[in-house]
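S.K.: Note that the protein sequences, when read in sequence, are chains E and G. First residue of the first sequence? That's 1 in the numbering used here, and the numbers climb one at a time after it. First residue of the second sequence? That's 1 in the numbering used here, and the numbers climb one at a time after it.
If you are wondering where the hints come from, they were derived from the structure by calculation, not from laboratory data. Watch out, some of these pointers could steer you wrong.
[Said to hold, decoys possible] The list that follows gives simulated cross-link-like pairs (lysine to any residue, SDA-like), each with its CA atoms no further than 25 Å apart:
1. G:K47 <-> E:L161
2. G:K17 <-> E:L269
3. E:K596 <-> G:Y528
4. E:K231 <-> G:N203
5. E:K11 <-> E:Y22
6. E:K58 <-> G:I283
7. E:K469 <-> G:L486
8. E:K257 <-> G:N203
9. E:K257 <-> G:L16
10. E:K240 <-> G:L486
11. E:K240 <-> G:L328
12. E:K218 <-> G:N209
13. E:K58 <-> G:H279
14. G:K215 <-> E:D235
15. E:K88 <-> G:F263
16. G:K84 <-> E:L269
17. E:K214 <-> E:T265
18. E:K88 <-> G:E238
19. G:K246 <-> E:L30
[Claimed, not checked] Now the in silico label distances, taken between C-beta atoms and shown as ranges:
20. G:Q134 <-> E:E5: 33 to 39 Å
21. G:D480 <-> E:L44: 25 to 31 Å
22. G:Y206 <-> E:H10: 44 to 50 Å
23. G:I184 <-> E:L206: 43 to 49 Å
24. E:L230 <-> G:F260: 45 to 51 Å
25. E:P29 <-> G:Q117: 48 to 54 Å
26. E:S382 <-> G:C242: 47 to 53 Å
27. G:D568 <-> E:K257: 52 to 58 Å
28. G:G280 <-> E:L44: 24 to 30 Å
29. E:V179 <-> G:Y21: 32 to 38 Å
Backbone N, C-alpha and C define an ideal beta-carbon position, used for all residues, glycine too.
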Amino acid sequence: MKKLEQLYVHKQAVKLIGRFHYLDTSLVPLMLLHSLVKGILPLLPILFSAPMLNSFLKGNIREAIIYIGWLIGLEAILQIGETIIRNKFILHCKAVSREVESILYTHPLGLDYESMEDGSAMEEFTMALMSLQYRSNYATLVENYGMFLSNLFSFLMLIVLIVKLCIQLPHTSYYWLSVVASPIIFTMLILGGFILFLFSFQKLLLYTREEFQKNFEKQVEAEQMLQSCLKMSCDDELIKINHTFHGYELIRNIFNKSIQKVIVTYRRLVFLDIAGSSGKEIGNFFIGVLAYVLVGVKVLAKAITVGELIQYVQSIIQLNSMLSLIMTKHQDISECIRYFDKILLFLERKNKFETGSIPIEKRDDYKYELAFEHVSFKYPNSDTYILKDLTFHLNLHNKSALVGANGAGKTTLIKLLCRLYDPTEGKITLNGVDIKKYNYKEYLSLFSVVFQDFVMLDFPMEENVACRKDFDEEKVKECLYRAGLSNIENRFEEVEEDKSGNKFSGGQKQKMAIARALYKDAPVVILDEPTAALDPISEFDIYQRLNDLIGEKTCLYISHRMSSCRFCDDIIVLDKGEIVERGSHEELLLHGSYYKKMWEAQAQYYS
Amino acid sequence: MKNGLQNIQFVWKHFLKEIGYKSIIFFLTYWMFSGLATYFTLIVPSKIIELLEHSYQIEQKLLLLIMWSIMLIGTMTVKNLLFKYIWTKTFLFRCIEGNHLLEKIVELPYSYVSSKQGETEYGNAREAVFSGNQTGVEQLLKMVLEFGGNVVSFIIYSIFSVALHPFIFVVLFITSGMRIIKDIKNAKFQKEEMEGLEKTYYNRYYLKNSCIDNKIGKDGRIYSIKQWLEQQFAFMNEKIHCYEKKIQKNIEIAEFIGVFGNFIKNVICYGYLVYRMMHGMSISQFVLYLGVINGIGNFTQLIFNNIQEIIKNIPICDKYRTYINQPLLQDIKGTIEVPIAEEYIYEFKDVSFEYEVGKPIISHLNVTIHAGEKIALVGENGAGKTTFIKLLIGLIQPTSGTILLNGKDISKMTPTELFKVTKVVFQETSVFPATIKENIICGEVLDEIRLQKVIKESGMDTFIHQLPKKEDTVVTKMFDKNGIELSGGQYQRLMLARALYKNAKVLILDEPTAALDPIAESELYEEYNRFTRGMTSVFISHRLSSTKFCNRILFMKNGQIIEEGSHDVLMKQGGAYKKMFDVQAYYYKKEGQNL
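Chain G with its partners taken away, still in its complex shape (with noise of 0.2 Å):
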């Protein structure tokens, strides 16, 4: 309850930040007009049979009879115009708040974002904003405002029904809520199927989304993947199927018992009024009150819904206020500055990282990397290379163990501030929806020089050269028409034009040279040299050729480094490292030279 509460006040207070401190106003107007148009319902029907079987003049009745009408009518006019007009104000509240998410997301800490937890509180969070006009901080509002439109209506309602009699109160209000007690049995009931069946849901949206991956034509066509996909989704479809059933089912009964509570409350009602008219009532008072049994078991209904709703959305809104409450990485200060300095070592000491309990990626790991040394980090897949980068460059953080920078603890540094250290190409290729120059660039002040430095020295040159606009084409077409996509091997060299341009001290390169032809892979490994002049360098490769570059060998195994040394002395002491050396250089030697 207090939970609820807090929820409601946060999303009224961002909606009064966001849209302006006068949208009280017209929410108070609204409910006012809710009332008088509830009232004037019920009572201008009567009011006019009365007039009319006055004794007034003609002319006068007919003035009377156009007023009581246009009160009636115009008051639910403005109620209405009212209600859309706070609709857009809303809506327009749900868009900004998405933009606030979106910003939001890329500026949390990656070791939050990337864990589990993070990904599934970001995903309830976005369904918050993103999640259309029915659910989020949206429809909470708009459940608030006409909560409160139906609240005051049920007041006048039942001030007249209890001036016709208090028992008739007591009627209407059990027949109508009737059947409240099986809708929240079926709300309870549907929510724990729906655990049952989320996954479900979430796969047959991610069938769809595969449907349209362009990724999958190719896959699709040789092996026949629509069949596949046609039977996953008949298999879905009729899951889903069956739950709607149950559901609809429970739904059915609770009308049943609505229609039942009606038919209770017309014979107990009409009879009551009856009896009244025998006992003298006038038609217009007998018009009055047919009108406030009639419409009160709406208004009961109505209520119960919108609390529902709000009930529904409360934790919504909560998983967004959580998230947005997030503190920002900019926000997380370090105690210890970060060393400036023209070279840096990085000490290991005893570190170890896992996702989950017991599952370590990263075990006991103690290694010293020398300032201005080039190291070179194998293994096979899943050793742990990959995290040892995050590790060093500082997205994640051990847990437990520390890593010293220059001998200071880096746990206990600005985080943004100890990115600007090191310079990283990763495996997987990735780039803003921007021009060409603006993702060399990215966060680093524009310098023309350099940046034509660095396309020369990542070999994109030619490429931007035969581009109508240069260096300022847009990549991917996501947000721009005449955007262009990349081959792999470009979208490499653009990544590390990217890190050549970010001016850091410390060289990260894993697997560059993956989607690299024979003759352009040996081309980066004698550029390579240069690069990392004066650098300490890591560098990650499946092409063992690519250490003898290096100056020591680090050889990784189950998140521990199992050898490390030059390539030299790593092939004499004939261990894993040579092993694994020898199968790669096995086909490459002539015939006859054996393991």
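Pulled out of the complex, with its shape left as it was, chain E reads as follows (with noise of 0.2 Å):
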């Protein structure tokens, strides 16, 4: 049952490494070639000394320097092929191992967001950039397991050597030496030792092995608490709150802490390392000893002579290292495929929110109609509900704003609408039809949001609007324009070299994010508190052009700024998840209660 499960290992090797192999079919070809070259190369000295020294023993002086030119020329010869192979294999397989990981980086983003954001995807997609990082990746693989087959093929040309060795007849007036040198004996005593020195050897190598996974986890852990520390020391907003309030003790508490727990957990396997080893070393030091001793008896017994007693005693060692580092390697192999496999698994996770197969309905006049049915809502893993039993229609073709205190729901129900999430209860229709029929990608290219924690990567400007490398430009210079960033079209230029979205003020980002939204020429616009972050100026200035931006689109508005809502037709006013008021901004004033309180409260230091 177990050699079964350790060829398993080798089907299943094969078999992750046809996954990627579409992605570079030149790397298996190499890898199995240079694997037989290299088998070869470090066998050349042992197969060639054992004649030349005989030759030189039996005086035959000729004989041996035709050897010794084949073993030049021989050596010459493949160690240029080695080379070219060796060069080769190692940029593909660099090159290989770049495009999984960028794959492997950027699958997250096409999962549904729900998953994404709770706690078990995250999890496997953190299990799986670990594995990447510290264990396997695919040219690890690929690289194990040429080596594998290298030592393989090294291993059983020495095989044949050392048969060679046992059935060479002793011929010695000596009893127990013409014992000892005869066949049978002899292939029972290499056996034997090489018997006992793996069986010790191997069951330290597995225990430290097992060991060593076990300790995976936690290194994942105090990788982690490493990167969290050094992310904490280049915080700038922390170390200014640390100067200013004296937090030295605090902090300094917080580093010994979590570096005593990453020195704890390397010192396991630091020593887990040692253990293998130093068993490993104490093997390879009997075997070797009994190389010399029991080659030195078939020498002594008249079996072999002295000019070949190198050759075999570098063939035992060397058939012991092959012997090691076969079972290294298969270890290897196993572990790169156990890693290898949380990658895949991360990998082959399916959308769930690709639900739906009907398409939109593409149309110009905008007349979308989005209702929510009784829709409840909380998050995954918790018990309070977000949003309760929420009915209403959006009656598209105007502007609409949503407003409520600190927690509310406003942001969260924008999440629905956009399908980051499905209700918990309820559903919510465009046209009629249960939005969890359509097509997801289609239905979110309905929507352009700004969401109050946009992000912007330091990429050139304009990829950052467009989203994309191959942008058009008019069109990206327009959306700019009319986001009123028109005076940073003069630094196109200018700014070469750092053109990147995180040079400019929070007030210049806000405007590249709603650039961004305009670009994406959706039919809904909705904008959450998309001037927090302003300025009084850059503020009124975005409001002024609000008409202009959205035109005849729709439009929904989130704001703490009342003075917002009276551009919109139509006010949502939202406390602890449920509707609590609605109408126009006059209407709201005349009869409401809660917004009118909301209003007041900003507008009384202006009038």
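Mind assembling these two chains? They're in different frames, but the hints should get you there.
M.R.: Next up, the structure:
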């Protein structure tokens, strides 16, 4: 059973190597070729040493010179071949690894948001990343497999040599010498030595490896801790607080504790490593001495000549190291597979939200009708309902505002609307059809959203606006202009070097986010507190442009600045997950209570 | 060269200090065993052949055989085990140094840490301890260790080869060193190419981090950012691949030269050995010298690699050394005592500040903040308000001009003491991954009553009371899985509580209401009066409504104060402040009222 399991590892390895074969079809042939050449190369001196020395012993210098010639020539040719193949192989390996890495890193962005925000998928992802980073990427697997094959190849050739040694008959009058050197006893001695050694060594190796595995999770934890510490140490805000509030002691404790944890974890790993390798060293020691003694006996028993001594001693020692290499590589491969499995597992995760297939009807008049029907929602792993039994229509083709206190559920409502989450109860419909039945990608294409915590990446501004590398330059410029960033236009050439997203001020970034929404040109525009970080002038500027920005489209607006509600035809007031009031600004001021309270809280200072 | 030795000495000294002086013994023993192992590797095969051909008794022969083989393999085993052992120590050492570095950065002056120079220098210093086993202090130590062992081995080989014939030594030395010229060229080339590529590597690293960033999730889906990032990845991968191709090509050439050198060496040395055999050299001698000519090349290559690694790691360690030797904030002692008073007066005298030469953030600013005064600081984004605050606290120092606290120059005061004067709520929320309590108290003394009072004052009480562990709950999940994440408003309140708890006389609030809803905002304004009773305070806000509570408004533009006075005065003046106020008030007013 156990044997089968070991074979299963290789079946799995071949399957996994095949999984990404499409990325680079020349990688596997290169690997095979390299392992063949690499398998022969170290054996050359061993193979040639015996005939060479024997010729010298016989006094036949001519013959010796011929052997030397062969050795030198073959070695040079094989070395050149090996160099060419290896360098190609390395290059391909690196490239493919990077590609696999890219695939893994971008994968979560294609998955549904819900499962990425809840822990399990994220944990799976972190595990996959850690596996990639510390244990096994695709190239490691292929490289390891190549090395395994080349070692196996050398091993088989050495076995042939050693069998040849075993069957040499002794020619001696010493009784016990002839017994020890006789083929059967000699074979048993060598086998016995190896089995004894293998038994103890492999046990130890297996044990340490297993322990190593068990510690992997701890290692991941320690690494993450270290990363958190590093992140903290670079956190400008935290350092400010640290100085002004004298938090040195606190922060030092946090660092010391985490590093201590890291050290404890790694101490254990290092200990295991040492234990494994000491076992190996001691095993090597015994085999080495055994090789000299046994081959020495063969020489003394006149079964082989002195000239062959080195060849056979080297074969036994090499056989031993090949054996341990094969075992380590086998372990490495099964480890690679185990970790690579984690990567595959994650890559095979399907997007839960891709449930529907109905295409979205393309309309020029933007007449879409969105409705919430008895929608309740709580976040996964939480018991508190953020939204409770919401039912309302969004009349598209006008401007709506969503107001309410912190934590009233405004942003959550947006997330449901854009199908980043599905409602816990009830349903949301578009033109009367449940949104789950639409094609997910097409449904998303309906919305341009500027979230409160939008992200700009450190790449050229135009790319940030278009969200792609092959953007339409004219359109980007136009969107930036409409968002009020026309003055930056002149700086396009000027700041060629670092026109990256994060060099801009909060206000400029906010405008870039708006430009991004414009570039997408979706029929529904949602703005979640787009002016929170802006000074009054920029804020006013955005308000003034709002009509122009949105045009014929539908706009849903969330803001704490009540003044922004003035532009909206329809104001929905949320409180604790429920709609408490709804109407136009004037209506609500006349009849409403909660809205009026909020309005006045701000307006009083300006009257 | 001198610098290199200094750095090795520095790392070495630290290593001995942290790990213990007996480590020297391990290093020396390792070198000794390297030598022994090499020596036996050379002579044992020939000795065995010699004794087998000799006319000893069989038993004697066997005994000697066992003895020689134990000598050979035993020394190798000891050498390998020693190396492993020392490696554990160097590894531990790296962890300890990492801790030192982390501790160091949070205690360096803010003006240095936040500057571009400080940022890059920290990044460089980190490389020495946080980049794995193959870079930095650990690698340097390991390389010194290996280098020593290899040099000892090389010397032994050299002696043997000179004994064969001095000319053979020269041949061996030259042929094994042939590729080194190309290797040196390659290293240089690689370094040059790398400089151009550093940005790509950094960008790729940044890209990877962006992919893991939770924040990207929402935008990621709405704007199908995945596609964009895939394009970025493909672009960078291609760029790196091109570079690697060039590098690999050069390495290949160096290796070809190596193969060629090896071939030449074989032809000459084997030729010479055959010649000697023809003139009566024994077979055991032949085996001995065969070992010499085959082995020495390895060691030249190894020594070269060691030196290359050492040279590569010295600048890394040097950067680490400079960083770790930076003076701590605590070590900066002022010449003037920080005045201890009930009330503080700040005077800015012709203060300028610039991060980059020629781009002043604050320029020639003059202002006095009187005792007990409530100041509102307003202006557009980028007017220099936050920088003004940083200067006032003493986080950064003016490029020119002086700031006086109760008539004394603050640049001459002990910074850590100076920080005790002010308490700040910064614009960006930031908390320690510790309990709520620890976050509020920070460096102050624990006072339960006071703690409960500020929790209530900051409006956190209802929230805290519903937590099972109350104020002992850990915030952020960074180090504790049971930690909680707070919402924007709650963070803001926590920051406020921290400031209120601190026993300081000057309160500074940098946009504390941006994340609050209208009612909470209004409440905070009401409270503000109470918080600041008898205190000097500075309030930054984009909500101009807040300014009504302040005695004086400073309107900043382009790093200067262009208008100052009370709300009414400024409104009457009809300048920039009025314009801004009207703009904001516009939509709050009834239709028909104009700007």
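S.K.: Next, verify each hint and record whether it holds.
M.R.: Evaluated hints:
{"no.": "1", "hint": "G:K47 <-> E:L161", "in the structure": "holds, 24 Å"}
{"no.": "2", "hint": "G:K17 <-> E:L269", "in the structure": "holds, 24 Å"}
{"no.": "3", "hint": "E:K596 <-> G:Y528", "in the structure": "holds, 23 Å"}
{"no.": "4", "hint": "E:K231 <-> G:N203", "in the structure": "holds, 17 Å"}
{"no.": "5", "hint": "E:K11 <-> E:Y22", "in the structure": "holds, 18 Å"}
{"no.": "6", "hint": "E:K58 <-> G:I283", "in the structure": "holds, 11 Å"}
{"no.": "7", "hint": "E:K469 <-> G:L486", "in the structure": "violated, 36 Å"}
{"no.": "8", "hint": "E:K257 <-> G:N203", "in the structure": "violated, 32 Å"}
{"no.": "9", "hint": "E:K257 <-> G:L16", "in the structure": "holds, 23 Å"}
{"no.": "10", "hint": "E:K240 <-> G:L486", "in the structure": "holds, 20 Å"}
{"no.": "11", "hint": "E:K240 <-> G:L328", "in the structure": "holds, 15 Å"}
{"no.": "12", "hint": "E:K218 <-> G:N209", "in the structure": "holds, 22 Å"}
{"no.": "13", "hint": "E:K58 <-> G:H279", "in the structure": "holds, 15 Å"}
{"no.": "14", "hint": "G:K215 <-> E:D235", "in the structure": "holds, 17 Å"}
{"no.": "15", "hint": "E:K88 <-> G:F263", "in the structure": "holds, 23 Å"}
{"no.": "16", "hint": "G:K84 <-> E:L269", "in the structure": "holds, 13 Å"}
{"no.": "17", "hint": "E:K214 <-> E:T265", "in the structure": "holds, 11 Å"}
{"no.": "18", "hint": "E:K88 <-> G:E238", "in the structure": "holds, 16 Å"}
{"no.": "19", "hint": "G:K246 <-> E:L30", "in the structure": "holds, 19 Å"}
{"no.": "20", "hint": "G:Q134 <-> E:E5: 33 to 39 Å", "in the structure": "holds, 34 Å"}
{"no.": "21", "hint": "G:D480 <-> E:L44: 25 to 31 Å", "in the structure": "violated, 60 Å"}
{"no.": "22", "hint": "G:Y206 <-> E:H10: 44 to 50 Å", "in the structure": "violated, 39 Å"}
{"no.": "23", "hint": "G:I184 <-> E:L206: 43 to 49 Å", "in the structure": "holds, 44 Å"}
{"no.": "24", "hint": "E:L230 <-> G:F260: 45 to 51 Å", "in the structure": "holds, 47 Å"}
{"no.": "25", "hint": "E:P29 <-> G:Q117: 48 to 54 Å", "in the structure": "holds, 51 Å"}
{"no.": "26", "hint": "E:S382 <-> G:C242: 47 to 53 Å", "in the structure": "holds, 49 Å"}
{"no.": "27", "hint": "G:D568 <-> E:K257: 52 to 58 Å", "in the structure": "holds, 55 Å"}
{"no.": "28", "hint": "G:G280 <-> E:L44: 24 to 30 Å", "in the structure": "holds, 28 Å"}
{"no.": "29", "hint": "E:V179 <-> G:Y21: 32 to 38 Å", "in the structure": "violated, 56 Å"}
Checked against the numbered hints given earlier, this structure breaks hints 7, 8, 21, 22 and 29; the rest are met.
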